[in-house]
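There are 2 protein chains.
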Amino acid sequence: MLDLAKRVYDHSFRIDPIVRSLLDTDFYKLLMAQTILRRHPAIETTFGITNRTRRIRIADEVDAGLLREQLDHARTLRLSKSEITWLRGNVFRGQGRILGPEFVAWFETFRLPDYELAVHDGQYELTFHGPWIETTMWEVPALAILNELRARAVLRGLGKLDLQVLYARAMTRVWEKIERLQKLPDLSVADFGTRRRHGFLWQDWCVQAMAEGLGGAFLGTSNCLIAARQEVEPVGTNAHELPMVYAALAEDDGALAAAPYAVLADWQEDYGGNLLVILPDTYGTTGFLANAPDWVSDWTGIRIDSKDPIEGGEEVIRFWQARGHDPRDKLAIFSDGLDIDEIERIHARFHGRMRIGYGWGTLLTNDFRGLLPDGKLDPVSIVCKVTEAKGRPTVKLSDNPTKAQGPADEVARYRRVFGVGEQEALPVLV
Amino acid sequence: MLDLAKRVYDHSFRIDPIVRSLLDTDFYKLLMAQTILRRHPAIETTFGITNRTRRIRIADEVDAGLLREQLDHARTLRLSKSEITWLRGNVFRGQGRILGPEFVAWFETFRLPDYELAVHDGQYELTFHGPWIETTMWEVPALAILNELRARAVLRGLGKLDLQVLYARAMTRVWEKIERLQKLPDLSVADFGTRRRHGFLWQDWCVQAMAEGLGGAFLGTSNCLIAARQEVEPVGTNAHELPMVYAALAEDDGALAAAPYAVLADWQEDYGGNLLVILPDTYGTTGFLANAPDWVSDWTGIRIDSKDPIEGGEEVIRFWQARGHDPRDKLAIFSDGLDIDEIERIHARFHGRMRIGYGWGTLLTNDFRGLLPDGKLDPVSIVCKVTEAKGRPTVKLSDNPTKAQGPADEVARYRRVFGVGEQEALPVLV
Chain A
0 MLDLAKRVYD HSFRIDPIVR SLLDTDFYKL LMAQTILRRH PAIETTFGIT NRTRRIRIAD
60 EVDAGLLREQ LDHARTLRLS KSEITWLRGN VFRGQGRILG PEFVAWFETF RLPDYELAVH
120 DGQYELTFHG PWIETTMWEV PALAILNELR ARAVLRGLGK LDLQVLYARA MTRVWEKIER
180 LQKLPDLSVA DFGTRRRHGF LWQDWCVQAM AEGLGGAFLG TSNCLIAARQ EVEPVGTNAH
240 ELPMVYAALA EDDGALAAAP YAVLADWQED YGGNLLVILP DTYGTTGFLA NAPDWVSDWT
300 GIRIDSKDPI EGGEEVIRFW QARGHDPRDK LAIFSDGLDI DEIERIHARF HGRMRIGYGW
360 GTLLTNDFRG LLPDGKLDPV SIVCKVTEAK GRPTVKLSDN PTKAQGPADE VARYRRVFGV
420 GEQEALPVLV
Chain B
0 MLDLAKRVYD HSFRIDPIVR SLLDTDFYKL LMAQTILRRH PAIETTFGIT NRTRRIRIAD
60 EVDAGLLREQ LDHARTLRLS KSEITWLRGN VFRGQGRILG PEFVAWFETF RLPDYELAVH
120 DGQYELTFHG PWIETTMWEV PALAILNELR ARAVLRGLGK LDLQVLYARA MTRVWEKIER
180 LQKLPDLSVA DFGTRRRHGF LWQDWCVQAM AEGLGGAFLG TSNCLIAARQ EVEPVGTNAH
240 ELPMVYAALA EDDGALAAAP YAVLADWQED YGGNLLVILP DTYGTTGFLA NAPDWVSDWT
300 GIRIDSKDPI EGGEEVIRFW QARGHDPRDK LAIFSDGLDI DEIERIHARF HGRMRIGYGW
360 GTLLTNDFRG LLPDGKLDPV SIVCKVTEAK GRPTVKLSDN PTKAQGPADE VARYRRVFGV
420 GEQEALPVLV
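The listed protein sequences correspond, in order, to chains A and B.
With numbering that gives the first Met the number 0, letter number 128 in the first sequence gets 127, and the count goes up by one each step, no holes.
With numbering that gives the first Met the number 0, letter number 346 in the second sequence gets 345, and the count goes up by one each step, no holes.
Bear in mind the hints are in silico, worked out from the structure with no lab data behind them.
Hints should not be assumed to be uniformly reliable.
No copy labels: a pair is met if it fits in one copy or bridges any two.
Distance condition first, Cα-Cα at most 25 angstroms in a straight line; then the derived PhoX-like pairs of lysine-lysine [claimed, not checked]:
1) K329 <-> K182
2) K182 <-> K159
3) K159 <-> K375
4) K5 <-> K159
5) K5 <-> K375
6) K182 <-> K375
Can you make the complete structure from the sequences, with help from the hints?
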């Protein structure tokens, strides 16, 4: 039983490094890494950090020495025996191991590769160069380190009672959200909050609270280490980096247009009939669905990650119906900046019309908004994205142009190839 | 730094007896005991517990064996050397010790006397017979034991996370009250919450929170042990038992009518120009003030404890004005079932018109209302009152007939002697 306030007050590097295991990452990174290892391990890539909340000058808040210390510590980590055993033990229902022996053997000897750190205009430029299979593994620990260091810089100035009250309020807030979730029929919700969490210990507490408060309605956590420790399911799908790298590798416009479906074809081969959840928005959901081969509509579900969730939900229902499926057999996973109000709104609209899952991230594991003056603990929108593959820039269009990425000429080409017209810009909170 | 949830989860008799020191009592008990020791130590008295919240059957909730164990443990306690030193060190500003050498010498060898325990209709009948100087010392520990045992019986059924959330919510609630108090100009507030506290550890936390949140506006705590540990001031005035025993000792109606003033005369002699706060409601405030000799109006303050506070405040202002005093030089202490709404209401009415102090009790140290189903942790109104002195029944009329006490014929006689007419019954929450 953990005394959060005390532990935070006593924080020291030895007791609480930010990343304490290579399993302290999201399950989907391992799923994607297995596919990458099998198919494209050696492609040279660059990943880089971007803070979309520009007004927050993170380099002014977080000491560079402490940042290096945490990044360097993460590079010393290797899997322990029990962690390897846990990895091997993860099976699909009666259908064999999720992570095969080749992947586990590779992961056993893996260490995080080197990084480059610079500062520009108050923001850290943290970049990772190297084979895709290595750089991809930095995404979650790098984000978790930056976010937690930012919180620790603020917490360092607080007294014991301030810390007690702070965590009391934050716990009360999480629990009140859980009590509202308890009222939603047929709920399925998972923790997706590793990368932007307030801290590891806090995420761990949130997972315990969700498990205790929601029982079977809590599907599990994306965080492998917490899943292993708390004996809950690790959960995950896949992310934009797969279509982004596949697209960058395309040699012509025809191959580019086909790239998002090539990703799914590979994934389907790697994971059999399991884990079949489409992330359709990398180059615009509407065009993706319109041009999708019919086998894509056979997949179990679709993740709605950058479009207004009501609009996005109605769109996938129309898609499934048009392709001759009953949406009630299908799964929509909502995962974009969710909070309790949004979850209730989505549930009121779609419950009973299709299966629904919620991947709840930042506002589960980092909702300290307003608990300190000047929003000092309010979350920021930091991402770690692949920016180059095989010497070519990667591009993301998204359904929300606020989340788009890539050089202007390449963005224009992608918009043309994928037939993306006007898009509505939505604010990005987290 | 204390992890309340963990400590409560691990509760065991050895680590956390409910009463852990003879100083774990209210300062006014020591002040009154010093006067009793000096003037009436040997008067035979009976004190007894009454639960005014009859619907709560405490004997069904609290195991009699556990109750005896805690009472017996309290009887083993003696003052430690450092506690004696602390007692000796309490001084009026430059005017010598509050507790004189005779009293400290008596207290050094004191142990709590025996008790009688029976059960009637779901309520404990817990009585203390013996010399007034001994029985009076049981009031606060007996109440604290019953209240905390009741809470522990409920907490025993909770899991770790439930406890964490419970205390997180309770801390959040206390802190939100403190934030509202911070807005009140010229605030003076003290903790009077020992007897009906949720638990010792919780009261201790509340005092820390008040000290940290309110600074100089927090006068201190009535609890001597917490005052000594936290280095805040012990605070206290006097209670109904003094006029009740003095009244019972009166040999005729004339002596009875004079008894409440005889108490004050003795008190004034014992404490010089200090601690001069009148508790006027034992036999009705209105008659007390009307018949008070002029020297009574020279006292610093009046405690308003059973009348509607707005009405009571206006009444003392009229009293001081009628006796030629400026109320702005005078102090009114409000101490009856206060909570934040009531404090704000009183402050809005009287700030600037007289000096104001708040003795905040149960709803500071035991506001767990609604935090568990069925109000399982809601506070109850248990009191421990002197019921007999020198073989005669004691009587209390109060300004609120719900709080009256004594045999019907004696109550009638007192009402006649003190000229008490119709009274308005107010609900008693705590």
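Each hint, compared with the structure:
Proximity of K329 and K182 under a CA criterion of 25 angstroms is satisfied intra-copy only: 23 angstroms inside one chain copy versus 54 angstroms between copies. For the identical chains of this complex, K182 and K159 are inter-copy neighbours only, at 23 angstroms across copies versus 35 angstroms inside a copy, given an alpha-carbon limit of 25 angstroms. Taking the shortest Cα distances, K159 and K375 sit within 25 angstroms of each other inside one copy (18 angstroms), while across copies they are farther apart (30 angstroms). In this homomeric assembly, K5 and K159 come within 25 angstroms of each other (Cα to Cα) both inside a single copy, at 7 angstroms, and across copies, at 17 angstroms.
In this assembly of identical chains, K5 and K375 lie within 25 angstroms of each other by CA distance solely inside one copy; the values are 20 angstroms within and 29 angstroms between copies. In this homomeric assembly, K182 and K375 come within 25 angstroms of each other (Cα to Cα) only across copies, at 23 angstroms, whereas the closest approach inside a single copy is 32 angstroms.
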